[in-house]
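Protein sequence lines correspond, in order, to chains D and G. Quick note on numbering: this note's numbering labels position 113 of the first sequence as 113, and the sequence is numbered without any gaps. Quick note on numbering: this note's numbering labels position 209 of the second sequence as 209, and the sequence is numbered without any gaps.
There may be inaccurate statements among the hints.
List of simulated lysine to any residue pairs, SDA-like, C-alpha gap at most 25 angstroms [as the list claims (entries may be wrong)]: (1) K158/G x G287/D; (2) K357/D x E75/G; (3) K269/D x Y97/G; (4) K116/G x L10/D; (5) K275/D x L98/G; (6) K275/D x S59/G; (7) K158/G x R369/D; (8) K116/G x K357/D; (9) K116/G x V98/D; (10) K116/G x R14/D; (11) K357/D x N15/G; (12) K116/G x A11/D; (13) K116/G x L98/G; (14) K116/G x L9/D.
No wet-lab data here; the hints were simulated from the structure.
Each chain, letter by letter, is given below.
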Amino acid sequence: MREMTWQILLASLRYRKGPIAGSVCAVALGATLVVAAVNLRLGIMGRLAGELRNYGANLLLVPQSGTGPFLNETQLHNLEDSRVKDRLRGYVPFLYSVVKIRGRDIVLGGTLFTAAKAVHPWWQVEGRWPREKGEALVGLNVAAKLGLRLGDPLSAVYKSSRLTFSVAGVLRTGGSEEHQVFVSLESAQQLTGHPGLLTSVYVSSSATTRLDETVAALRKLWPEAGVRTLLQVAEAEEKLLTRLEIFLGLVALFVLLASGLSVFSTMTKEALERKVELALMRALGAGAREVAWIFACEAAGIGVFGGILGSALGVLFTEMIGLSVFGSLVYPSLMSLPTGLGIGLGVSLFSSLWVAKRIARLAPAVVLRGE
Amino acid sequence: MEPLILSHELSKNYNGKVCALDRVSLEICPGEWVAVMGASGSGKSTLLNMIAALDLPTSGALWVDGVDIVTYTEEERVRFRREKVGLIFQHFYLIPYLTAVENVMLAQYFHSMPDKGEAEEALRRVGLGERLDSLPSELSGGEQQRVCIARALINQPKIVLADEPTGNLDATNEETIMKIFHHLHRAGHTLLVVTHDPHIGQQADRIIELDHGRVVPVVSSQRSFLKNTNFTLSIPIKEKHPT
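Produce the complete structure using the sequences and hints provided.
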């Protein structure tokens, strides 16, 4: 019995190579567009979020009110905890204080320069980043006001302490950092007499995680630290990404509808052309289920072939767009194949069975009379 | 003898306007060869489709093998078609991508279990032993019709219904098909053949003539002509079948 079903299917596929190839192409085209749209949506979102994160930290840790003016440097290990580590792209601690340099009150920030460079990639340094304890990075505005040049010595006085640094680089950020001077964290702690203490930590969360979840995890791990979102950056990011997500989601949906309609029209045309065959089967004593089974098997075959082909072409199409728009490959989603197969199978089965059902409603006598 | 087919006041209206069959009552006995004749649109094919359970009447009753098939559900009508009826069409209606033997096996497939040997034997019986694996496109019209006959007979149906079986054939092929029909008749098959060709109709046991959906009463001259040619007459409405 099953053998006969296969015999019918294979014979049908062999005989109707052209129309079958047309249907497979229609399904493949639909699947290609949807897979590409889904991949681009996922790929672009990740890439954009990553690129937006290059604009700096989006979280600030400061002492929780009522816990004193400082955070404890030893608590930085909380940010290395496995529960948040994957959520963070990087962090940089600061100890800020106001010192006298050349008789003026200047904000001095002690930091870890390697970390600062990673978290604030847009900071531009004329000269070079400080490498040694006795070197400083001077904000553009401070350098101009105090007439400091690369290699110049500068003395920072805090109450009765004094430390001398040499200017390794001049910092341009376009922000308040240009009014500040940065030295190593250890030097700042030594100068201000606050060893092991920090005033704040700038944190850059990972592009792939939700900001509110990261904030909650940080609050739980480091209760002494107040976690603030840097609204300007975080909100802009969230808004932009949400809008883009909606836009790309809609594009994927419209592509799905358009390609679905195209496949539907090809498959229904093909099924309609076979209405005599269907009516004959009914006249010979085939039940609606048997006819539907034959049509469903054929449609499933077309759907699977078209779906696999469409998935492969969809990934290829995504990469072409990725290369032409972003200049690099877009990592294809693991959902590509299931999406392509789902679209292929779904649309071909729906179209084919929809028409088969409608034709089955016609009396075989009417069809066989050619009316 | 109990009639194999018995209709009572069978009518079919399309959209409440066109009356394809108008209160047709008839009986067909087992083993009888009946020709249904009439002009185009007289209701011949409609009557055949009713008996094949391919179409439903608007009113009336139709007993086949002792059961009123008008009351059948769709599922029962499907079972009826696969078990009791063998259909032969004017346009053959063979599946173009299946070989001759596969086309015959298709009827077996829907009936119960395909049996290639049996299907091949059926084709040999209609003289197509050499064309078993040919596609319909590789067969002549007469050969295609013989495949249809083999397909119609493969499940040993109670009734063979043929709608203009020679309508698309030349004289030579028409003769071949009619020889097969005579052979089937001698073998005891009940045949109902729709035709507009008097030559074909006259070879049947009797003729039922339809005109505008009604059975035409037979006039005496016709009756004597047919008697002289050894053919049985059609039965006018309510008239008893001559035994």
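Comparing the hints with the structure gives:
| no. | hint | result |
| --- | --- | --- |
| 1 | K158/G x G287/D | holds, 20 angstroms |
| 2 | K357/D x E75/G | holds, 15 angstroms |
| 3 | K269/D x Y97/G | holds, 19 angstroms |
| 4 | K116/G x L10/D | holds, 17 angstroms |
| 5 | K275/D x L98/G | holds, 16 angstroms |
| 6 | K275/D x S59/G | violated, 28 angstroms |
| 7 | K158/G x R369/D | holds, 24 angstroms |
| 8 | K116/G x K357/D | violated, 30 angstroms |
| 9 | K116/G x V98/D | violated, 100 angstroms |
| 10 | K116/G x R14/D | holds, 21 angstroms |
| 11 | K357/D x N15/G | holds, 22 angstroms |
| 12 | K116/G x A11/D | holds, 16 angstroms |
| 13 | K116/G x L98/G | holds, 13 angstroms |
| 14 | K116/G x L9/D | holds, 17 angstroms |
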